[in-house]
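For the protein sequence lines, the chains are B and E, in the order given.
Residue 870 in our numbering sits at position 506 of the first sequence, with consecutive numbering throughout.
Residue 662 in our numbering sits at position 298 of the second sequence, with consecutive numbering throughout.
Hints may be right or wrong, so weigh each one.
One copy or two, either will do: identical chains are not told apart, so a pair holds if it fits within one copy or between any two.
[As the list claims (entries may be wrong)] Below, simulated SDA-like cross-link-like pairs (lysine to any residue); rule was C-alpha separation at most 25 Å, straight line: (1) LYS730 to MET876; (2) LYS730 to ALA502; (3) LYS730 to GLY845; (4) LYS632 to SER577; (5) LYS730 to HIS548; (6) LYS805 to LEU405.
For the record, the hints were derived by calculation from the structure and aren't laboratory data.
None of the values given here were measured: they were computed from a predicted structure.
Number of protein chains: 2
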Amino acid sequence: MDNTQHQNTAATAATLLARLRPCLDAGVAALAQACSAQGKLDNALLDARQVACFEIAWASADLLAAETVIGGLSAQTSDADARLALVFAADAIAAVLARLEVLYLELNIDLAPLHALNIDPAWADLRRASTGAGALEATGRAVADANAEVGHVEFSEGLAMAQDAFRRFAADVVAPQAEAIHRHDMTVPETLLAPLREMGVFGLSIPERFGGSAPDDRDDTLMMVTVTEALSEASLAAAGSLITRPEILSRALLTGGTEAQKQHWLPKIAAGSPLCAIAITEPDYGSDVAALALKGTRVEGGWRLNGAKTWCTFAGKAGLLMVVTRTDPDRSAGYKGLSILLVEKPSTDEHAFDYRPEGGGRLSGKAIPTIGYRGMHSFDLSFEDFFVPDFNVIGEEGGLGKGFYFTMAGMMGGRMQTAARACGVMRAALRASLQYSRDRKVFGQPLLEYPLTLAKLARMAARFSACRQLAFAIARVLDEGGGRMEASLVKLLACRSAEMVTREALQLHGGMGYAEETPVSRYFVDARVLSIFEGAEETLALKVVARSLLEAALKPASRPALSAGT
Amino acid sequence: MDNTQHQNTAATAATLLARLRPCLDAGVAALAQACSAQGKLDNALLDARQVACFEIAWASADLLAAETVIGGLSAQTSDADARLALVFAADAIAAVLARLEVLYLELNIDLAPLHALNIDPAWADLRRASTGAGALEATGRAVADANAEVGHVEFSEGLAMAQDAFRRFAADVVAPQAEAIHRHDMTVPETLLAPLREMGVFGLSIPERFGGSAPDDRDDTLMMVTVTEALSEASLAAAGSLITRPEILSRALLTGGTEAQKQHWLPKIAAGSPLCAIAITEPDYGSDVAALALKGTRVEGGWRLNGAKTWCTFAGKAGLLMVVTRTDPDRSAGYKGLSILLVEKPSTDEHAFDYRPEGGGRLSGKAIPTIGYRGMHSFDLSFEDFFVPDFNVIGEEGGLGKGFYFTMAGMMGGRMQTAARACGVMRAALRASLQYSRDRKVFGQPLLEYPLTLAKLARMAARFSACRQLAFAIARVLDEGGGRMEASLVKLLACRSAEMVTREALQLHGGMGYAEETPVSRYFVDARVLSIFEGAEETLALKVVARSLLEAALKPASRPALSAGT
Chain B
365 MDNTQHQNTA ATAATLLARL RPCLDAGVAA LAQACSAQGK LDNALLDARQ VACFEIAWAS
425 ADLLAAETVI GGLSAQTSDA DARLALVFAA DAIAAVLARL EVLYLELNID LAPLHALNID
485 PAWADLRRAS TGAGALEATG RAVADANAEV GHVEFSEGLA MAQDAFRRFA ADVVAPQAEA
545 IHRHDMTVPE TLLAPLREMG VFGLSIPERF GGSAPDDRDD TLMMVTVTEA LSEASLAAAG
605 SLITRPEILS RALLTGGTEA QKQHWLPKIA AGSPLCAIAI TEPDYGSDVA ALALKGTRVE
665 GGWRLNGAKT WCTFAGKAGL LMVVTRTDPD RSAGYKGLSI LLVEKPSTDE HAFDYRPEGG
725 GRLSGKAIPT IGYRGMHSFD LSFEDFFVPD FNVIGEEGGL GKGFYFTMAG MMGGRMQTAA
785 RACGVMRAAL RASLQYSRDR KVFGQPLLEY PLTLAKLARM AARFSACRQL AFAIARVLDE
845 GGGRMEASLV KLLACRSAEM VTREALQLHG GMGYAEETPV SRYFVDARVL SIFEGAEETL
905 ALKVVARSLL EAALKPASRP ALSAGT
Chain E
365 MDNTQHQNTA ATAATLLARL RPCLDAGVAA LAQACSAQGK LDNALLDARQ VACFEIAWAS
425 ADLLAAETVI GGLSAQTSDA DARLALVFAA DAIAAVLARL EVLYLELNID LAPLHALNID
485 PAWADLRRAS TGAGALEATG RAVADANAEV GHVEFSEGLA MAQDAFRRFA ADVVAPQAEA
545 IHRHDMTVPE TLLAPLREMG VFGLSIPERF GGSAPDDRDD TLMMVTVTEA LSEASLAAAG
605 SLITRPEILS RALLTGGTEA QKQHWLPKIA AGSPLCAIAI TEPDYGSDVA ALALKGTRVE
665 GGWRLNGAKT WCTFAGKAGL LMVVTRTDPD RSAGYKGLSI LLVEKPSTDE HAFDYRPEGG
725 GRLSGKAIPT IGYRGMHSFD LSFEDFFVPD FNVIGEEGGL GKGFYFTMAG MMGGRMQTAA
785 RACGVMRAAL RASLQYSRDR KVFGQPLLEY PLTLAKLARM AARFSACRQL AFAIARVLDE
845 GGGRMEASLV KLLACRSAEM VTREALQLHG GMGYAEETPV SRYFVDARVL SIFEGAEETL
905 ALKVVARSLL EAALKPASRP ALSAGT
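Work out the full structure: start from the sequences and follow the hints.
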């Protein structure tokens, strides 16, 4: 960023963001008061304030992302990235101001500080310089000049090599098969799985001593995020999501498994044999983990499972299912009555299976046809007196009742991954849109030459770039042991952004965008799953992000790991 | 609306809207100056200001819709509809203020009037009373209490009977077949077409003297809109869109056909035999009608067609294609070189056809697979020396070169229809969401009991309701001979709204919303076509809505047909 104009504008943006942060904090503090009794958050009060909590979660996401991209500007920042940071910051400030006005009205907080910001000439200056029509046009051109290589993140050599290798693999091997897998609703074929096993993707979260490629002494979220994003660019379902399941299961095993269990399972998972699936959701319980009902009954040498699971992705192809099971017959134990049982089954490419092991019992499954995210298939599962030996209870006797905690250990990684998946889809949509805008002539000139096209590309790129930079910043924090709330926050923001970016990508393609033969049509339907799974948008916003913010506000000493300017 | 509180809030909304209208007008006037030279709009200047033109088109749509719903409130308005009008108005004012700020900054207009509105206590009052958390919750409950029967429009007896009959037919006959047609990508079956022929849907725009059901002396857009909305609620593609093609073709015939042509074709079209398709778009030209290239060469007794068309919906099933053809060999004639030729062909349910009539030549077609809007299928068409007799040129010798005008005559109706189609899809999504929210328990109580659910339902219903009321208001104006720009404006607003409403509907359904067996997944993919076809969003916003507004601003005497308070 060697342009003085950019530097001045960035300074203005930083000043405005620094003024906006205390406005957000004041809103959070007031909301925390409104939702608490005797200094503690109260569930009924929180439920009554859902709308305000939802607003504050989104405002917080926008603001943190804006602080991150503006705080990340340096002399090394490219022209395109500097412009994109300014576009995102200006749009984010407008969005946060609007959300805070709603919140302040709700809580009877004086709107004066927001109004003062709104009429500040610096705010007008920032908008003119960053999201004015001329600025958007120039930003669109900068994105085109950079061939959509935007959203730069500083990488170690190892990460850079991994990114290059997986981007190449994604483009050369995954992309040519992605359309057929989607349109024929195929199961991810061995032509993709075999090389991915060789590249070690299933062991990215597993320490080296257990056969994976993660360091023995710490998490390597950055690597996981890097690889996931690269693969997701070619296909969300046929490549980019393959790592999520081994990630969740191996983290649960690392957190709660006995040494013998780790030795037994982790090397196999790392080798991608068996492949894994995670069975949590039940037909009557989506986000409400504490109410799960699939029942395990203790028998000689193990447990018999009875009940149903749903939305168990990859359950057909998987040979190993992580099944969150109610092992405590007292249902009032809630989430403390849950354990994780590992179910072994034959792998199949079929959309339905009916497995009756010799020891008796039955496990049947049926894929749920969906509008996108095809390739892995999400299954309805039915367990009837299905036997699981004691060795397959994570933590064995000591793990009983701890299934919820062990699951949560993997969930955070799953959310970070989902943010990375969203970034991959956005990058693909952005690149396809740029290419199409160059090739397509409308009213006598390339679509790319029109100011509205350039403005759309600028905003799409700004969203992608901000989400990507935030995702990597939070991945770093996670590797340092923090960032629990932020993992949900970036999941929220990136997934909703992917919906917006793919919507605009389809729109730029006109009728062709709606045709199945055009990849953006797949990006669009695939992106729609992102705000639903791995923690539905509403659940994460209310139960994780808003709740964490309000809790922190009640304990003023603690601050979120990534706050202003990091 | 017998509640004093509502009446006071509505008065506040009306006052704020009345203050906002001159702010919009000032922006339009300044933009008109910036885009004109010597008092006339300049295409290059308009292109350079695309971003501002886009903003003003949307601001204008939001404001007109808000004025319409607030202006339409009366003592007879139901509690739910009164609340929904207020929700929409508050959200629209916020959106218009934000867009005008962008525009004012761009054009260096003093922001003071906007800032004054923004800090006005009346504006805070309106928001508290209409989109505050408590108000949204109450509105959501009112929508639920009304069983989502919202967006009331005053109907004549004839319209009310038609609406009842077609809603019943849609629910009883169309809805049960809609999923299969979508998922198996079937062609609309005779089990739907035969009763629809009997009910006269193909003759809704055709005067009685030509075998249709429209009055002989005027258009009956209201009836067309009513029936289209009712059918679209069950299926956009398998029912709601069947009327668009005969609408466009019959209006072109009524505008430009000879008496003999009208006598010959209109009764057949009205009877739904043959079915029709419209071939305008070409592979290299989407919205740019003046550049169309499909060539007609004059031969003994008629014309030979050579070239390609694309996105010709229903071309397989249709027996009659309206083909916009370049009959003037001088391409510089632009849109003045176009004529409409009617091509007769056999009807087929297949996804591809190859027709070689005895007179020589060939017409082949192939359906383009799409993510939604399935059932009619949009075809790529290829003409090779295909013969069309002189009698099939609309207007015969006198119609040569007038194809563009004849097409436009039908396009306006097509846009109104598309707004109605969007309303039907929104209504379906809203009703499904309400039902699911009642049935689904989350964290121990029905989803419907949560404030965030109620707020979402309120905003979905507010959008649907406002679009519906605006669509019918504009249909009335069309029947009185005006409303050309407004037909595009409501098409814009309703189609984008349908994207938003179906997105939220899917989100409320969680994972089930993403499953093909759940109707909202179809509503979501179907809705995505709406902003692309029948005039892409960008084209309508820039070339019709913004252009008309700016033209009107340069001629201050003329005002749009539907402005403040009608």
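Which numbered hints does this structure break?
As far as the earlier hints go, 2, 3 are violated by this structure, in ascending order.
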